[in-house]
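**Q** Chains as they are written, first to last, in the working numbering: chain A, 2 to 187; chain B, 2 to 187.
A portion of the hints provided could be inaccurate.
[As the list claims (entries may be wrong)] SDA-like cross-link-like pairs, simulated, lysine to any residue; straight-line CA separation at most 25 Å:
{"no.": "1", "chain 1": "B", "residue 1": "6", "chain 2": "A", "residue 2": "2"}
{"no.": "2", "chain 1": "A", "residue 1": "52", "chain 2": "B", "residue 2": "186"}
{"no.": "3", "chain 1": "A", "residue 1": "86", "chain 2": "B", "residue 2": "100"}
{"no.": "4", "chain 1": "B", "residue 1": "101", "chain 2": "B", "residue 2": "178"}
{"no.": "5", "chain 1": "A", "residue 1": "6", "chain 2": "B", "residue 2": "43"}
{"no.": "6", "chain 1": "A", "residue 1": "6", "chain 2": "B", "residue 2": "26"}
{"no.": "7", "chain 1": "A", "residue 1": "172", "chain 2": "B", "residue 2": "186"}
For the record, the hints were derived by calculation from the structure and aren't laboratory data.
2 protein chains.
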Amino acid sequence: MELIKAIYERRSVRRFKKDNVPDEIITEILDAARWAPSWANTQVCSYIVVKDQTIKERLVDTLPPTNPARNGIIDAPVLICLIAKRGVSGYYKGTASTNKGDWFMFDAGIAMEHIVLAAWNFGLGTVHVGMFDADKAQIVLNIPSEFNIVEMTPLGYFDDVPKATPRKQLKELTFLDEFGKPYITQ
Amino acid sequence: MELIKAIYERRSVRRFKKDNVPDEIITEILDAARWAPSWANTQVCSYIVVKDQTIKERLVDTLPPTNPARNGIIDAPVLICLIAKRGVSGYYKGTASTNKGDWFMFDAGIAMEHIVLAAWNFGLGTVHVGMFDADKAQIVLNIPSEFNIVEMTPLGYFDDVPKATPRKQLKELTFLDEFGKPYITQ
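Could you build all of it, start to finish, from the sequences and the hints given here?
**A** Below, the structure is given as structure tokens:
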């Protein structure tokens, strides 16, 4: 699939078919995440592929009761969780290099979006899920304390492509040479 | 360009030609960033397109003297800076929804990577630059204090495609059902 088409047409999917996703495709999607750039190539992100239905259900319990992704996690055959090591990205010899401190969230955003776009390329839906009790999810997945679970996404086939959520206009989001000076003038 | 090809073949570019980049292409690249997903569609990222050579030079002065992206910023005709509003992404009614606090870094990672991938699609090089004195850059670009400048990237045409930086093996980066249990077993 064309890159620009994928970027424009990707949607957050929350209703999945139960059909199995072959491991060959899951592996290709994880490989796309592997190639994500990271701070000084520190590669702090790794991935837990959850297929066990009991574990998926325990993870669903870490989401708020109203979260619309809950059913998606139950139905989709696969859940991919992104974890990131703290204190490495954005650091030099143990000291934070910038006023942002740890850059693991930035690197995690890039890597997770590689997963999301690569999945779309294979006709698979995902949705960025960051709103859950990470301390509880950490226990469910046995994640050591030096890693943070950042996000999870169900991964699966779907019937209906959801509508696009609206976006601000480019005019509101862009400036030329300094803050406040319009880049787009028509 | 194919999405998967772009993900695998994209490289960080630090040596640019001085050739102009048409505004139509810059606009398409920014539009790809506009379509980036964000926490509850909060869309906290915006973009400053710097073409003014004096301002670019003042921004180069915020990078460490040894940063290999310095010459790239001088030579490339365009520098794109990503700024993000704090206290919105990851919050609900003013309270952080997760143990990560502000998610602006996560959303910024996604949006910046959309820029990087879309640029590659148009044959344009970029490099994620996060290592600079953000407080100084904030002043150069007149950025209000409720926004953080997160990253910048030169944008331009280039002659030689740099070599790939190595990546860890997928086996080291992936687990099945819980931390520590291998997903890839061959």
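**Q** Give a verdict on every hint.
**A** The hints, checked one at a time:
1. Distance check on the hinted pair: residue 6 (chain B) and residue 2 (chain A) sit about 10 Å apart at the alpha-carbon level, within 25 Å; holds.
2. With a C-alpha separation of about 16 Å, the suggested pair residue 52 (chain A) and residue 186 (chain B) falls inside the 25 Å cut-off, and the hint holds.
3. This hinted pair checks out: residue 86 (chain A) and residue 100 (chain B) have alpha carbons roughly 15 Å apart, not beyond 25 Å.
4. Distance hint between residue 101 (chain B) and residue 178 (chain B) is fulfilled; the C-alpha atoms sit about 23 Å from each other, no more than 25 Å.
5. At roughly 22 Å between alpha-carbon atoms, residue 6 (chain A) and residue 43 (chain B) fall within 25 Å of each other, so this suggested pair holds.
6. Restraint check: the Cα-Cα separation between residue 6 (chain A) and residue 26 (chain B) comes to about 15 Å, which is no more than 25 Å; the hinted pair holds.
7. This hinted pair does not check out: residue 172 (chain A) and residue 186 (chain B) have alpha carbons roughly 50 Å apart, beyond 25 Å.
Violation of the numbered hints given earlier is confined to hint 7; every other hint is satisfied by the structure.
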